[in-house]
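Enquirer: Sequence:
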Amino acid sequence: MKKFLFLAILLISITACSVHEHNVAQKTNAKIYAETITPGDLKTHLYLFSSDEFAGRDTGEFGQKLAAHYLRDFYKNLAIPSPIGEGDYYQEIPSSYFQNQYKPSENVLAYIKGSEKPEEVIVISAHYDHIGVNANGKINNGADDNGSGTVAILEIAEAFKMATNSGNGPKRSILFLHVTAEEKGLLGSKFYSENPIFPLKNTVANLNSDMIGRVDDAHQNNPNYIYLIGSDKLSSELHNISENINDSFTALELDYRYNADDDPNRFYYRSDHYNFAKHNIPVIFYFNGVHDDYHQPSDTPDKINYDLLSKRTQLIFYTAWELANREKRISVDKVAP
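In the working numbering, the protein residues as written are 131 to 467.
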């Protein structure tokens, strides 16, 4: 009896050591790839993406098309494929969907196929459109809104691609979703939710960033923060994972003031994550708050805090890494508001 008990204890110990070693390895790998997300790379992308050449990226207009080409070419050059078809990174949206108020536009999609559970998908999203040129002919460059979230996705995608090339790719699939027409009423993400490339029932979570490169007035004396909205609305597990990831890696102040159900700003309903949340898909909305340059030509790339943008982007990467590689899919234990 003692022999069997000893063997049982030994087996449990070996298993526990194996799990511990696996977890340590996963954490080490995550850190290696997260550190490829740098302020310099984000700055290089954003100075291009929010330049006058893109003319404010108004939905359906030349500048938005040019921005879509930029995103497509980035993924092509890194050999990150599209889930739509070989070489086709555009989910086309006809003018009729916009009730003919705007020209045809497109969401831009790329993905990395999961190694073990490819049917389960983590969606990392940001809108790449902006509001174009104002009545005085000045370009609204939209560096923070939402060039910051857009370039964050590019860096996250590159980090996951490096992991995949090294044999450490995610177990679940990752969809990099750049949506158009957010400024017209969340229409690009609405179109995706109505015409999903992957079934919504297989979508594990949506991590959405919209304005993550600046510091608002409330945090001028403590810029090491990010607002999180929605993390606990549908999944307690997602909220706890997010908290633990931040404690382990990024140590940002996670500010939940806009997460309240009675928030008068209603930010929970005002960015693209909502078109996932209303389908009972757990979401986190990453946001730096509003500032005086919001929807103004003065929202330019020289005002971005690139060190902070890098840290916030790494938080999103680490969270996606955990969601993609954990043994079990996170559970939905709440009803969407």
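No lab work stands behind these hints, which were simulated from the structure alone.
One thing to keep in mind: the hints can contain errors.
[As the list claims (entries may be wrong)] Only pairs whose alpha carbons sit at most 25 Å apart, straight line, appear in this in silico BS3-like list of lysine-lysine:
| no. | residue 1 | residue 2 |
| --- | --- | --- |
| 1 | Lys268 | Lys233 |
| 2 | Lys161 | Lys464 |
| 3 | Lys464 | Lys441 |
| 4 | Lys314 | Lys195 |
| 5 | Lys301 | Lys268 |
| 6 | Lys206 | Lys291 |
| 7 | Lys464 | Lys331 |
| 8 | Lys301 | Lys157 |
| 9 | Lys233 | Lys320 |
Enquirer: Hint by hint, which ones does this structure get wrong, listed from lowest number up?
Expert: Violated hints (numbers, rising): 2, 3 and 5; every other hint is consistent with the structure.
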